[in-house]
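2 protein chains.
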Amino acid sequence: MSKSTRQNAFYAQSGGVSAVINASACGVIETALRSKRIRRVYAGRDGIVGALTEDLIDVGRESRATLRALKHTPAGAFGSARFKLKGIEQNRAEYERLIEVFRAHDIGHFFYNGGNDSMDTALKVSQIGAALGFPITCVGVPKTVDNDLPHTDCCPGFGSVAKYVAVSTREAALDVASMARTSTKVFVLEVMGRHAGWIAAAAGLAGGGPDEPPHIILFPEVPFEPQRFLERVRACVTAHGYCVIVVSEGAAYPDGKFLADAGTRDAFGHTQLGGAAPVVANMVREAHGYKYHWAVADYLQRAARHIASRVDVEQAYAVGRAAVQLALAGVNAVMPTIVRRSSSPYRWQIGHVPLGAVANQEKKVPPAYIREDGFGITAACRRYLEPLIAGEAYPPYRKGLPDYAHIKGVPVRRKLTTEFKL
Amino acid sequence: MSKSTRQNAFYAQSGGVSAVINASACGVIETALRSKRIRRVYAGRDGIVGALTEDLIDVGRESRATLRALKHTPAGAFGSARFKLKGIEQNRAEYERLIEVFRAHDIGHFFYNGGNDSMDTALKVSQIGAALGFPITCVGVPKTVDNDLPHTDCCPGFGSVAKYVAVSTREAALDVASMARTSTKVFVLEVMGRHAGWIAAAAGLAGGGPDEPPHIILFPEVPFEPQRFLERVRACVTAHGYCVIVVSEGAAYPDGKFLADAGTRDAFGHTQLGGAAPVVANMVREAHGYKYHWAVADYLQRAARHIASRVDVEQAYAVGRAAVQLALAGVNAVMPTIVRRSSSPYRWQIGHVPLGAVANQEKKVPPAYIREDGFGITAACRRYLEPLIAGEAYPPYRKGLPDYAHIKGVPVRRKLTTEFKL
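Heads up: the protein sequence lines correspond to chains A and B, in order. Take 115 as the starting number for the first sequence in our numbering and just add one per residue. Take 115 as the starting number for the second sequence in our numbering and just add one per residue.
Pulled out of the complex, with its shape left as it was, chain A reads as follows (with noise of 0.2 Å):
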């Protein structure tokens, strides 16, 4: 079937971005356009936005060095989209309105950038093409900051947000324990993780136990008990001085309650939304009336290319490119995944699941690599995040500032008529 061999390539990046999701882009991109069997190569804008309303970028008109410099750069640089599709019972529209598009365009091969609702209808999307007449061999690509897809040893999009967290978390440190005996005695940082902790946990890695900083990790795993936690905080101070808190922002009471809901009003008594740090500081300042100050990294986390960890950017870039062998290889309904085979040395290598496997699933972190007070990282976790973290993979500067990419986005000829309304 020589048509079939040379369909065209859809790519999209989606859900929350990082700091190596375009090196996956890259992946993909670079191996795509090398194909024989692949005639031309398409990134949605906006993500799959861009796929429900024909808006598609081809990408085969941008520079060979654009494209080379994906790879050291941040954020998606055709556009992401927080955009889940309904359940096919409840919008079947959608997932048609798929196809018609990649029918138009002769997209044979779908690649989808994203966690594990991407997964998922990356998976539909192969189903319901087969059911309609126009099979369409869909891959994932994983990327989630959040590090927790199953079945993977890790995803594309931790290690630089870890190495970015344990990095800034030894330098904000340093400075408090410079200060301390005159001035700020608590430090909190928070960092993202809505539902696990792995982000938290990585700033274990900036010091080597209890006793060196952070010396208390709130994770989301771990139901947060203000009395044993002010207690814990006391005894820091008395012993070192100062005391250094990294809260992920998914900490949460036993109830459930995340702490960023604490019902912090502003001067109108409209609830205040956001900020774990903020609130723990406070409750710290009323026990104890310890000087604090806090940080909240949000976005600076993710988006931290210039900080990237190298085997991150390496790692990204290899399943896109996976994502690409595979699919020229006839495996459908697949993600590539990235198998650990040793820790120290470090050696990975890429594998593959069912995209049926990881869709809608969670993983957090396991108890094992949580220290049995609940505040800090075991050695074992610290195996586990320390090689994700290594080494350096600096972006390009131009006056004093990283270079990063900007695509063209040469649009593609419309072929539909028809609109579709988000």
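Because the hints were derived from the structure by calculation, they are not lab data. A portion of the hints provided could be inaccurate.
No distinction is drawn between identical chains; accordingly, a pair holds when it is met within one copy or between any pair of copies.
Here are the simulated DSS-like cross-link-like pairs (lysine-lysine), alpha carbons at most 27 Å apart as the crow flies [unchecked claim]: (1) K477 with K513; (2) K477 with K535; (3) K477 with K200; (4) K200 with K405; (5) K238 with K478; (6) K513 with K478; (7) K371 with K529; (8) K198 with K405; (9) K405 with K535; (10) K371 with K478.
Nothing here was measured: the structure is a model prediction, and the numbers come from that model.
Using the hints, position chain B against chain A.
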């Protein structure tokens, strides 16, 4: 006078630390240890507090490798202090105690590494020493991330925080841009600078003008007008799909009230301190309903040695070295300065200025550096700032993390029997 040429030297860090204050320490210490005219080099543990309590560190007992590593280590390796000596009239005892300790340890050279308060202290020490018959050469070493010292083109510490803020703004802006169609439309980053907007201004380097992020900078120098701000946010989201805002912690209403003191209260009605970013973000949400995110970089920005400016590191070292050279040349009660000879290509040299000219003064961002609409920087400001963030000076890494120096901190044997209560 052969004795005085073989006196000891004393170095202390003062006030908020920076990514490069230890590079200045390295410049002072390496230069002093090489001089045949200085016997021993001591540092105050926790800054001037170490002098008052006779808690001195024998710097000569550190390895040469550790001392060299100070050049790439953030924060205050010997400890710093927020401890302002009172005026001589109010508390002459503190100054006399300093002279007592300096006399006991035959300290003929005092190097004080800090901001304008510290320059005032150094000046008074030199005056009182002379009055008490124990003359001391007092040389200030400029340091402040706020860049608000007068008579020097820039302050060591500023270039690195400026680079951090510019890089982080560029990265986070890419993140927001790539998600804006279906997710966050407004991102607010809070940066330091309670009285001067230099750090906020540096964020302006991330983009090329009003149409590129950061779209809005809120300076302490420009009174905050909510209506005008909110209109600009809406115009920006309409034109670009998103809006990146950088707010200085010192941004204030026309009546001088800080945005951060907006009367926010927690669930118990207690005043909640801090955070101009959440206040601004909330304001945008209530007016326009846009989805938002906010970040507060806090200590992360001033401790971020991993992304220090090479120019800043070099200047920090140079002012430390120059301080010792000035002292050895018999120049008293001065502070080395950075003198800009040209912006493009960037050329600078070391000058010096009397301590009395620096003490207790603040240099704000001048009107010529703030765009007419008050929301951005001018071309003149860009020409001033750009050279200061030039070049990278990466620390060495070990296991994925910066390998920062830890001093042994061998104490100098006490000579006084009197205690000093802080």
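Enumerated hints in conflict with the structure, sorted upward = 2, 7
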